[in-house]
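There are 2 protein chains.
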Amino acid sequence: MKNCLVAQSGGPTVAINASLAGVIQGAIDSKQFDKIYGSLNGVQGLLNGRLMDLSQKFEDTPMFIELLKKSPSMYLGSCRYQLPDYSEDDAPYAYIFNKFEQYDIDAFFYIGGNDSMDTVDKLSTYAKAIDRDIKIIGIPKTIDNDLCITDHTPGYGSAAKYVASTLLEIGHDTSIYPINSVTIVEIMGRDAGWLTGASVLARNKYNFAPHLIYLPEVAFDEKQFIKDVRTAMDRYNNVVIAVSEGIKDAKGQYISATSAVEDTFGHSQLSGTGKCLEYIIKQNIQVKVRSVEINILQRCAAHMSSITDIGEAFRLGRHAVEVALQGKTAVMVTAIRKSNSPYSVDMGDTDVKNVAGLVKHVPREWINDVGNDVTQEFIDYVYPLILGEPVVKYQRGIPDYLDISHLFPNKIGE
Amino acid sequence: MKNCLVAQSGGPTVAINASLAGVIQGAIDSKQFDKIYGSLNGVQGLLNGRLMDLSQKFEDTPMFIELLKKSPSMYLGSCRYQLPDYSEDDAPYAYIFNKFEQYDIDAFFYIGGNDSMDTVDKLSTYAKAIDRDIKIIGIPKTIDNDLCITDHTPGYGSAAKYVASTLLEIGHDTSIYPINSVTIVEIMGRDAGWLTGASVLARNKYNFAPHLIYLPEVAFDEKQFIKDVRTAMDRYNNVVIAVSEGIKDAKGQYISATSAVEDTFGHSQLSGTGKCLEYIIKQNIQVKVRSVEINILQRCAAHMSSITDIGEAFRLGRHAVEVALQGKTAVMVTAIRKSNSPYSVDMGDTDVKNVAGLVKHVPREWINDVGNDVTQEFIDYVYPLILGEPVVKYQRGIPDYLDISHLFPNKIGE
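In order, the protein sequence lines correspond to chains S and U. Following this note's numbering, the numbering of the first sequence begins with 2 at its first residue and continues without gaps. Following this note's numbering, the numbering of the second sequence begins with 2 at its first residue and continues without gaps.
Hints in this document: simulated from the structure, not taken from any laboratory. Check before you lean on any hint, since a few could be wrong.
One copy or any two copies: either way a pair holds, since identical chains are not told apart in the list.
[As the list claims (entries may be wrong)] Once the Cα atoms are required to be at most 25 Å apart in a straight line, the calculated SDA-like pairs of lysine to any residue come out as:
| no. | residue 1 | residue 2 |
| --- | --- | --- |
| 1 | Lys361 | Arg236 |
| 2 | Lys252 | Tyr94 |
| 3 | Lys100 | Tyr178 |
| 4 | Lys283 | Gly273 |
| 5 | Lys354 | Asp91 |
| 6 | Lys289 | Asp192 |
| 7 | Lys100 | Tyr255 |
| 8 | Lys228 | Ile180 |
| 9 | Lys283 | Met53 |
| 10 | Lys206 | Ser406 |
| 11 | Lys329 | Ile380 |
| 12 | Lys283 | Tyr255 |
| 13 | Lys394 | Asp222 |
| 14 | Lys339 | Ala233 |
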């Protein structure tokens, strides 16, 4: 028998470890692999020989799979390493494939976003060029939900649930004073507005926040924005605005890049998008205004994940093993939505070239005409993805996650 | 029989509604009051006649008390109204006491922080001056935990749990890259470091974050700070720093006030404390650095509250009713710690003058000598307060909280 290898790349999500758990469980259940290796810090682990025996971990650690499914961030760590074009520099390829040989790797699973799919593409192209039979499979993940072909990406549903819940809680928080106020909430998403749009799910029979939603898919117009805020203030005391960090003006320039601020040392500092909108409002409207950046919490708050998301992330991991055992390579596994009500998805796969380096945007028709809200189509799309809550185990008052000390081999945090 | 009145003031916490629930349950169980009125937006509701019949709400809404205990922010709204000295202007006093008369109010419960206790003090002093027999009782709340006499304040334990859990999740998030990085996490607390200190509870057998903790109780020294960060970087790849928004230099000036930034309009903008430390590190150390402001989430994330905190907030509400029925006035109810292990508290009360306008700081001996961490005494103090998790009900994928549309009477959000 042969072995398989799995690695993670890109930014953290709360579901990426569930996909890793799916790969491990799938590989063990298949009985087709002797060992399951994890490469620490993406492909870098291969380059510097930092591999972890996950089959051993599975045997040694009770509840390993269950804990892994619920632990945030990346159990195997990440990397920012980008492979060169092999026609220009094949040294790292030769090194990596030498390692594949050395560890008898028959299948390599890479969990990540569109940059990681580029790596899957490059490695599988190289394998073909040197006629090496190894299955290289991509497994999608990103809170940004901007991968093509797949209906959605693991990590998105949980982040969407966190964003919607947080907006509801901010709705409660801002409602306490009977005076006008504006609260701007900046949400992650440089290129696509999927996550910011999910804030719409905070609305219920009494909570109308967020009252305005701005996505990068529509050019941001300052005059229209000021008009929108004034109109909202006529209707609501405490206006809450959800905005993507990546909104751009009609020329395609990031709004955050248009209002650099100078610190006391005279250095220009990019202020965030939320801060920019705060300045715009302060300049134009007499009202109490503040901005809130949800920041990295939206991608690491595993205590509030969507069980739909975690379950699908796990299924995609398992499915990747099946796909590899079918002999496929150079593909990314995908979720295919069969029905919204009852919600159901099938697992599929696609040529990784359909995904690598590409971005899926929110369709323009899922955003209202004036560009300050999303439509019912968007709601119908995202709603099923946030449903269901896992039982979070707490230990000493804080969530009980999996030990990640193997990520710090050279420092005291071992 | 007579009636009683309850109101909330100051900033939101996730436990202040549990104290309200305790007052309602206590008043109903005592059978000593005909009606329980809630004043909307603190004492302002009395001034503009916006009272809510909570006894009716209790009868009409199934699970009212249970939902109220778990809903964040302030069911009755808040206000920033400060009473004048009655010797200078007794008009609002005359108006308020006229309303007390009109609604046959025998006891007034005011849930809030040290400013609200000042209101309790002023109202009860006035009552005495005009020889009016009404019991005016303060119930503490604040995530800042800076009220005197009481061992701790409702709202603090839940915020502390949220901060500790978030720091653990940030610890996971920052661990994924095998390169040096510094993450600064700014936590609420203008005057006292109780909440920032609670971040220490994020540490466990594998997570050493936060590696440095800075509280307002110790003068912040930039040189020492740079030295601390360098030392931490020798030991850990990814250094996480927890800092109170209210840290000050040796002259008592807020650090955030020392580095105003100028926006593109040429206006000076106060940047946050976290941003200031970010600039300091960028100026002095070559390392990837970012700052995260937990912001209002730490006071409104009811989906992660401490059941110890919620339970005590409820008990203090009930106890306030008992104290009023004993004929006391001008007091604030208090939690008295009997034992740490097993943890237990008694309920007591104190003259509100011992609390009004005063601030309780973290004892200097609960902070290490060099001023960059807290001691075991601090841990022993805060640990029991974050224990226990309530069952959070979710509806359509987001937490199910109590409808607060009564707070928006004049706008469309009714």
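Against the structure, the hints come out as follows:
no. : hint              : verdict
1   : Lys361 <-> Arg236 : neither (34 Å within a copy, 41 Å between copies)
2   : Lys252 <-> Tyr94  : neither (40 Å within a copy, 59 Å between copies)
3   : Lys100 <-> Tyr178 : between (63 Å within a copy, 22 Å between copies)
4   : Lys283 <-> Gly273 : both (15 Å within a copy, 17 Å between copies)
5   : Lys354 <-> Asp91  : within (20 Å within a copy, 77 Å between copies)
6   : Lys289 <-> Asp192 : between (30 Å within a copy, 23 Å between copies)
7   : Lys100 <-> Tyr255 : neither (42 Å within a copy, 55 Å between copies)
8   : Lys228 <-> Ile180 : within (19 Å within a copy, 46 Å between copies)
9   : Lys283 <-> Met53  : neither (53 Å within a copy, 35 Å between copies)
10  : Lys206 <-> Ser406 : between (45 Å within a copy, 9 Å between copies)
11  : Lys329 <-> Ile380 : neither (35 Å within a copy, 54 Å between copies)
12  : Lys283 <-> Tyr255 : both (20 Å within a copy, 24 Å between copies)
13  : Lys394 <-> Asp222 : neither (46 Å within a copy, 40 Å between copies)
14  : Lys339 <-> Ala233 : neither (38 Å within a copy, 51 Å between copies)
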